[in-house]
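**Student:** Sequence:
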Amino acid sequence: MDSLHFVSPQPYTMGDGISAVACFSMTTLLVVSLANLILLVFMIMESRKRCGEDFNDRIFKSSALQSKFSSLVDAKNRRETPKFMAALVLLKSGTMVLICGTVIISRFWVLTSARCCETVKVYSFERLKIVSNADNWKKGKSHSVENLMRHGNFSLKSFSHDVCLIKVGSPFKEIYETPGTLASFRYAYLQDTSATTIGWMTGKTQTSNRLYFTNVNLISFHRCQTLIKDERVDESMICAYNLENINCNFDSGGSLVQNNVIIGMASFESHCSNRNSPRVFTRISYFQKWIQLVENQNGVKIYANFKP
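FYI, the numbering for the sequence shown is 1 to 308, going by UniProt numbering.
In short, the hints are calculated from the structure, not lab data.
Fair warning: there could be bad hints in the mix.
Stated by the list, open to error - Pairs of lysine-lysine, BS3-like flavour, derived with a Cα cap of 30 Å:
1. 121 <-> 173
2. 83 <-> 173
3. 92 <-> 157
4. 157 <-> 121
Keep in mind that this is a model prediction, so the values were computed, not measured.
Assemble the whole structure, with the sequences as input and the hints as a guide.
**Tutor:** Shown next as structure tokens:
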């Protein structure tokens with residue numbers, strides 16, 4: 001019968017404990033360092049991704065100009081995003097500034113208020129953008145600006161002939177970049193008929209980034225002159241008053257739509273919440289021949305779609 005042999009345990013030494021602790025600490029340090037490295041790589045990738053987005057909220061701080069360049073109404077009037085709406089914005093001191101609304105009229109052209117073009121004429125085209133394809137102008141697709149063509153008879157005093165063409169560098173081709181239909185010189189503007197204005201809402205403390213809508217009623221040219229008591233109202237304009245008592249300012253370049261046809265653009269107003277104080281819009285039909293003249297004089301084709 002074999003005898004059992006017991007192996008005596010080796011005596012414990014302080015050095016072995018220190019080595020174990022050191023090994024554990026080193027392992028922990030390596031694990032933590034690896035985790036931090038992975039986190040750092042993830043943060044860098046996310047940062048590069050955000051930097052590549054057009055006008056991301058984290059890159060630019062947004063603001064609006066004075067309320068005279070903004071509009072609008074309350075949230076209860078939210079509707080489906082119109083595919084022809086776009087915005088003229090300015091890059092200023094690291095800030096993206098909403099200047100005016102614009103209307104897409106063809107693959108490379110938008111129509112806006114002449115006063116909007118007057119406002120940005122001191123800036124280089126590199127600092128101007130047209131953003132579209134979204135009802136939130138800060139999240140839209142940006143298009144470079146190649147040219148501005150303001151009407152030669154525009155008057156900053158009376159706002160007569162308040163219209164301007166803007167050409168972009170890349171075509172409108174996304175899902176929410178569809179040219180709108182414009183009222184032709186044969187379009188019948190009937191008083192006491194309803195229409196809808198479109199633009200971005202503004203408040204006392206902040207500006208909404210989304211499009212909002214308000215209903216208006218068209219009034220006759222004579223009645224508009226009588227109510228405003230101003231001789232500056234002329235045939236290049238159309239007037240309407242709000243159907244709702246709301247507190248709003250106007251959105252220069254914002255569209256006035258009736259039966260899916262763009263019949264006007266916001267030009268000027270006073271006390272628009274007052275039903276007896278009409279809002280004045282640029283009469284789109286008045287400028288069909290002007291757009292054709294621009295084409296002939298500049299050797300370009302704009303391809304605007306006019307409907308009688």
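**Student:** All the hints need checking, so say for each whether the structure fits it.
**Tutor:** So, going through the hints one by one against the coordinates:
At roughly 27 Å between alpha-carbon atoms, residue 121 and residue 173 fall within 30 Å of each other, so this suggested pair holds. Restraint check for residue 83 and residue 173: satisfied, since their Cα atoms lie roughly 11 Å apart, inside the 30 Å limit. Distance hint between residue 92 and residue 157 is fulfilled; the C-alpha atoms sit about 26 Å from each other, no more than 30 Å. With a C-alpha separation of about 17 Å, the suggested pairing of residue 157 with residue 121 holds against the 30 Å cut-off.
Checked against the numbered hints above, the structure violates none of them.
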